[in-house]
Amino acid sequence: DGGITQSPKYLFRKEGQNVTLSCEQNLNHDAMYWYRQDPGQGLRLIYYSQIVNDFQKGDIAEGYSVSREKKESFPLTVTSAQKNPTAFYLCASSTLAGVEQYFGPGTRLTVT
Amino acid sequence: DQQVKQNSPSLSVQEGRISILNCDYTNSMFDYFLWYKKYPAEGPTFLISISSIKDKNEDGRFTVFLNKSAKHLSLHIVPSQPGDSAVYFCAASENRDDKIIFGKGTRLHILP
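Here the protein sequences line up with chains A and B, keeping their order.
Per our numbering, the first sequence starts with residue 26, numbered consecutively.
Per our numbering, the second sequence starts with residue 154, numbered consecutively.
Excised from the complex, chain B in its bound form:
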């Protein structure tokens, strides 16, 4: 049973527009959420995180929104750039425990 779900396997967005990647979770004990970015044949790199005590965290072009009642979070990238083309993994952990549960990822294509 998947505790972290990324229901869109892929997404295409025009360069310069906003990219919105979505993630749903089922475990109400999760209190820390992360987004990782991964290029082919490379390890994922940490992008941005959010604690359950917040509903928004912003870092440059990247903003993560958390809706605890809906058990939903989203990553916004504005403006989208060609280098943003990658697979994005949503991840969650419980009580800052060391085990992180990852979603299956969403492949983002930025179109010229």
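Isolated chain A (complex conformation):
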């Protein structure tokens, strides 16, 4: 079954700790994305990557970091510099030519 997996579904961390969210896809998509969703907000782009070993900042990249060492994987690290890290995080992928993005199930991060 092709798709995107994100783990874990729920994640709890203490303030001041870095945390890494996993995103894996087996759709052979070149492009991958990280979004954040807050209550009453749309999806906001954090980072995206169109090719291995390359990525670009989205609209709200501050306090986050990513890596793209493999085509299938695009982990997101929420650093202690992120002022409001509690949110629902969504990973997505697409072909380079395609605009439709396929989303993972999401990870709800709670930082206390």
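If you're looking for bench data, these hints aren't it; they were derived computationally from the structure.
Be aware that a few hints might be false.
[As the list claims (entries may be wrong)] Partial list, computed: chain A residues near chain B (C-beta under 7 Å):
id, residue
1, P64
2, Q66
3, G131
[Stated by the list, open to error] Just so you have them, the derived chain A footprint on chain B, three or more residues with Cβ under 8 Å:
id, segment
4, 198-209
5, 255-264
Given the structure is predicted, the values throughout are model-derived calculations rather than measurements.
The beta carbon of each residue, even a glycine, is placed where N, CA and C say it ideally should be.
Following the hints, complete the assembly by docking chain B onto the known chain A.
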């Protein structure tokens, strides 16, 4: 400044009737528009799209209408079913670029 606006946070429609979700945009360079459907705690799923060279696209119960002069698009669901209760996101992109701008979403409730 929001480039994609969904001004109705929620909408309630009787089962069997037509649901109409509206979306406005401000960027005249947008040329591809998408609708996503999202259930709680899940990733959004792609529903339907339309290119700016068309004014209507239909897929089963779902039809998207685009009015370029008014910078307005709408999603019609006919007939509405209980499983349609979800949050619907309008999204747009420029020149099939890989960055998609999302609206804040409209929560649709289908009433029995």
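Given P64(A) as an interface hint, is its Cβ closer than 7 Å to any Cβ of chain B? 10 Å, violated
Exercise for review: Report holds or violated for the interface hint on Q66(A), using the least CB-CB distance to chain B and a cut-off of 7 Å.
Suggested key: Because about 6 Å separates Q66(A) from the closest Cβ in chain B, which is inside the 7 Å limit, the hint holds.
Would you settle whether the hint for G131(A) is holds or violated, based on the nearest Cβ-Cβ distance to chain B being less than 7 Å?
5 Å, holds
- Message: When I compare C-beta atoms, does the segment 255-264 of chain B have three or more residues closer than 8 Å to chain A?
- Response: With 4 residues closer than 8 Å to chain A, the segment 255-264 of chain B meets the three-residue bar; holds.
| request: Please count how many residues of the segment 198-209 of chain B have a CB within 8 Å of a CB from chain A and say whether that reaches 3. | output: With 3 residues close enough to chain A, the hint holds.
Hint violations for this structure: number 1 only, all remaining hints satisfied.
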